[in-house]
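There are 2 protein chains.
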Amino acid sequence: MTIQTIDTNNIAKGIGPNVSPEVFTNDKRKVFLFGSPSYTNIGDQAIAYSIEKFIKSRFPYYEYIEIMDYATDEGIEFVKGIIREDDIVMFTGGGNLGSLYLDIEEDRRKVFAAFRDYKSISMPQSVFFEDNEHGEQEKKKTQEAYHQNKKLTIAARESQTLDVVRDTFDTEVIYTPDMVMSLDVVPREQEREGVMFFLRADKEKVMEEDFVSELMEWTKKFGSVDRTDTVLDEDVVPTIDYADRERHFIEMLDLIGSKKLIITDRLHTMIFSIITKTPCLVFGNSYGKAKHSYRDWLDSINFVEYTDSKDVELLEQMVEKLMKAEPNEVDLRKDFKPLVDFFRS
Amino acid sequence: MTIQTIDTNNIAKGIGPNVSPEVFTNDKRKVFLFGSPSYTNIGDQAIAYSIEKFIKSRFPYYEYIEIMDYATDEGIEFVKGIIREDDIVMFTGGGNLGSLYLDIEEDRRKVFAAFRDYKSISMPQSVFFEDNEHGEQEKKKTQEAYHQNKKLTIAARESQTLDVVRDTFDTEVIYTPDMVMSLDVVPREQEREGVMFFLRADKEKVMEEDFVSELMEWTKKFGSVDRTDTVLDEDVVPTIDYADRERHFIEMLDLIGSKKLIITDRLHTMIFSIITKTPCLVFGNSYGKAKHSYRDWLDSINFVEYTDSKDVELLEQMVEKLMKAEPNEVDLRKDFKPLVDFFRS
Numbered sequence: 001m002t003i004q005t006i007d008t009n010n011i012a013k014g015i016g017p018n019v020s021p022e023v024f025t026n027d028k029r030k031v032f033l034f035g036s037p038s039y040t041n042i043g044d045q046a047i048a049y050s051i052e053k054f055i056k057s058r059f060p061y062y063e064y065i066e067i068m069d070y071a072t073d074e075g076i077e078f079v080k081g082i083i084r085e086d087d088i089v090m091f092t093g094g095g096n097l098g099s100l101y102l103d104i105e106e107d108r109r110k111v112f113a114a115f116r117d118y119k120s121i122s123m124p125q126s127v128f129f130e131d132n133e134h135g136e137q138e139k140k141k142t143q144e145a146y147h148q149n150k151k152l153t154i155a156a157r158e159s160q161t162l163d164v165v166r167d168t169f170d171t172e173v174i175y176t177p178d179m180v181m182s183l184d185v186v187p188r189e190q191e192r193e194g195v196m197f198f199l200r201a202d203k204e205k206v207m208e209e210d211f212v213s214e215l216m217e218w219t220k221k222f223g224s225v226d227r228t229d230t231v232l233d234e235d236v237v238p239t240i241d242y243a244d245r246e247r248h249f250i251e252m253l254d255l256i257g258s259k260k261l262i263i264t265d266r267l268h269t270m271i272f273s274i275i276t277k278t279p280c281l282v283f284g285n286s287y288g289k290a291k292h293s294y295r296d297w298l299d300s301i302n303f304v305e306y307t308d309s310k311d312v313e314l315l316e317q318m319v320e321k322l323m324k325a326e327p328n329e330v331d332l333r334k335d336f337k338p339l340v341d342f343f344r345s
Numbered sequence: 001m002t003i004q005t006i007d008t009n010n011i012a013k014g015i016g017p018n019v020s021p022e023v024f025t026n027d028k029r030k031v032f033l034f035g036s037p038s039y040t041n042i043g044d045q046a047i048a049y050s051i052e053k054f055i056k057s058r059f060p061y062y063e064y065i066e067i068m069d070y071a072t073d074e075g076i077e078f079v080k081g082i083i084r085e086d087d088i089v090m091f092t093g094g095g096n097l098g099s100l101y102l103d104i105e106e107d108r109r110k111v112f113a114a115f116r117d118y119k120s121i122s123m124p125q126s127v128f129f130e131d132n133e134h135g136e137q138e139k140k141k142t143q144e145a146y147h148q149n150k151k152l153t154i155a156a157r158e159s160q161t162l163d164v165v166r167d168t169f170d171t172e173v174i175y176t177p178d179m180v181m182s183l184d185v186v187p188r189e190q191e192r193e194g195v196m197f198f199l200r201a202d203k204e205k206v207m208e209e210d211f212v213s214e215l216m217e218w219t220k221k222f223g224s225v226d227r228t229d230t231v232l233d234e235d236v237v238p239t240i241d242y243a244d245r246e247r248h249f250i251e252m253l254d255l256i257g258s259k260k261l262i263i264t265d266r267l268h269t270m271i272f273s274i275i276t277k278t279p280c281l282v283f284g285n286s287y288g289k290a291k292h293s294y295r296d297w298l299d300s301i302n303f304v305e306y307t308d309s310k311d312v313e314l315l316e317q318m319v320e321k322l323m324k325a326e327p328n329e330v331d332l333r334k335d336f337k338p339l340v341d342f343f344r345s
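Read top to bottom, the protein sequences are chains A and B.
Going letter by letter, the first sequence gives residues 1 to 345 in full-length UniProt numbering.
Going letter by letter, the second sequence gives residues 1 to 345 in full-length UniProt numbering.
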């Protein structure tokens with residue numbers, strides 16, 4: 001072990017926002033989380049929040065250190081200077097491994113290639129490379145980068161992704177639910193009023209606006225009907241740094257838990273509805289993220305339903321059923337065992 | 001709501017060691033833990049550690065504030081100045097509600113009487129008043145103090161204590177396991193060697209030294225045999241403050257998890273053995289603390305056994321069985337639901 005000298009006044013913003021500088025050189029085993037999101041997708045914020053809780057509650061003898069997404073390059077150089085043989089490199093989970101979110105994918109390639117000699121993991125992800133020339137090119141770049149790392153594990157959060165990872169990568173692969181399902185958070189008790197639509201406005205969107213209008217019209221019988229998204233408007237909230245993550249996550253839980261009914265095409269709106277026991281009707285995105293998580297892990301939940309139907313009469317019956325159900329529970333804790341075993345060894 | 005001004009330079013040591021002073025006046029709902037131990041009983045330290053994890057993982061929207069045991073009087077005055085209608089007052093759990101540990105019992109009386117108008121809880125405890133004049137007198141003092149509080153709940157951690165609480169107090173009562181069983185901590189993987197005895201040297205001790213010597217003699221066949229206690233020697237470690245709690249707790253888990261066999265008369269040595277999946281033979285204390293926790297909650301664990309036997313041949317057979325078992329798991333999470341419901345409402 002070499003003795004490290006760290007100039008604590010000269011550490012770039014975004015490196016270890018969750019720790020005080022003296023931990024960089026203590027003798028605890030370290031777990032580095034790269035790609036910690038600063039963007040306003042509360043689903044991805046909730047994933048990073050859950051990763052922190054997961055490591056800290058189960059492995060309190062590890063030092064958990066985050067590197068924000070905007071500090072990836074400086075973070076790689078910094079961590080290279082302090083990392084030791086036993087330490088672990090993580091890249092955050094989500095639905096962005098593939099060809100759709102290249103800024104994040106490029107960071108992930110850099111991290112896994114830079115730490116090729118260290119135990120590394122891509123935390124639970126959905127993987128999607130477009131089925132066209134662009135997608136194929138990006139897949140090759142990703143393979144090239146990841147395959148430099150001989151100690152890489154990729155965690156898939158749906159069976160569909162598990163198949164893709166096995167076909168695409170020559171790495172270890174494990175299968176667990178989305179990290180947010182590992183949280184213990186107990187929602188606040190609230191009065192419920194009205195209906196909220198949480199709908200995508202991004203490249204994964206498949207719901208037609210006419211259909212959305214029709215749905216909004218008939219849900220008026222349940223009270224006020226509003227529309228928003230779990231990605232906050234960047235004109236209002238430009239970025240979310242580590243220190244504000246918990247507050248934004250809880251505000252989103254409070255919002256969803258204050259509604260009688262949620263209608264969404266987002267995976268994490270569905271998961272937040274499950275946490276807050278809020279009836280929720282879920283539609284698809286472009287490549288089946290919410291659909292497969294629902295079918296693989298959450299099918300037994302009686303107050304949430306996934307559907308591809310556009311038949312408003314049928315949907316009406318579904319919603320009535322969801323709203324009448326006495327909310328049940330699903331315990332996915334045992335399903336995180338492969339991840340516990342990864343960090344334990 | 002009145003606007004509070006707090007002189008942050010003038011807060012007594014031991015008040016809020018886990019928070020920065022600005023939280024005293026923020027608008028979050030607050031949960032105060034009184035009686036946070038500074039003494040070297042690692043069982044009681046682990047309880048306070050578990051309470052913190054329990055509140056923070058399940059209720060991240062609450063502000064959790066500890067008051068160390070040595071700061072009880074100043075803490076009561078301080079909290080009176082900042083507490084609001086919805087806030088919650090806790091006194092830590094353990095095995096000290098009753099006539100055996102009067103310094104702690106007197107603090108608990110003061111706290112529940114001082115916050116008589118606030119939702120209050122005695123965290124999971126074993127209750128024991130001695131069956132003599134002294135015990136009766138102390139019971140009366142405790143009843144008098146607690147009954148001033150009209151919003152008090154007492155959590156009992158064994159069925160025996162549940163009966164005592166119902167017979168003794170005119171308060172709400174709930175029934176849950178010891179708080180340490182609510183932890184998610186995953187023990188380190190370690191080589192195991194030898195046998196460790198963890199034995200009381202206090203007023204609850206009932207094991208005879210001759211018998212202990214006999215046990216120590218025949219366990220030598222499993223390797224080195226040592227004797228210690230989960231209460232650290234105060235000549236070596238005089239006190240454990242909030243900042244050092246986690247480290248001491250993990251060191252104790254590491255010690256227990258490095259042994260092939262544990263023999264103890266302490267409840268928390270048993271619980272630490274369960275967490276680390278270490279075969280453990282458990283004997284009784286003066287009033288059945290470990291015995292009843294084992295029978296009420298932990299009976300199904302195949303690598304831990306409670307016994308009152310002094311028959312070394314029988315004990316030898318028991319130990320062989322414990323050491324051969326493929327350690328199983330017991331999930332007591334659902335049994336903390338009454339406590340979750342208490343904090344939720």
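Source of the hints: derived by calculation from the structure; they are not laboratory data.
These figures come from a predicted structure and were not determined experimentally.
You may find that some hints are simply not true.
Copies of the same chain look alike in the list, so a pair counts if it fits in one copy or across any two.
As the list claims (entries may be wrong) - Only pairs whose alpha carbons sit at most 20 Å apart, straight line, appear in this in silico DMTMM-like list of lysine to aspartate or glutamate:
(1) K140 with D163
(2) K277 with E52
(3) K277 with D184
(4) K28 with E189
(5) K334 with E144
Now the hints, each set against the structure:
{"no.": "1", "hint": "K140 with D163", "verdict": "within (17 Å within a copy, 68 Å between copies)"}
{"no.": "2", "hint": "K277 with E52", "verdict": "neither (23 Å within a copy, 25 Å between copies)"}
{"no.": "3", "hint": "K277 with D184", "verdict": "within (14 Å within a copy, 23 Å between copies)"}
{"no.": "4", "hint": "K28 with E189", "verdict": "between (39 Å within a copy, 15 Å between copies)"}
{"no.": "5", "hint": "K334 with E144", "verdict": "neither (33 Å within a copy, 46 Å between copies)"}
Violated hints, listed in ascending order, are 2, 5; each of the other numbered hints is respected by the structure.
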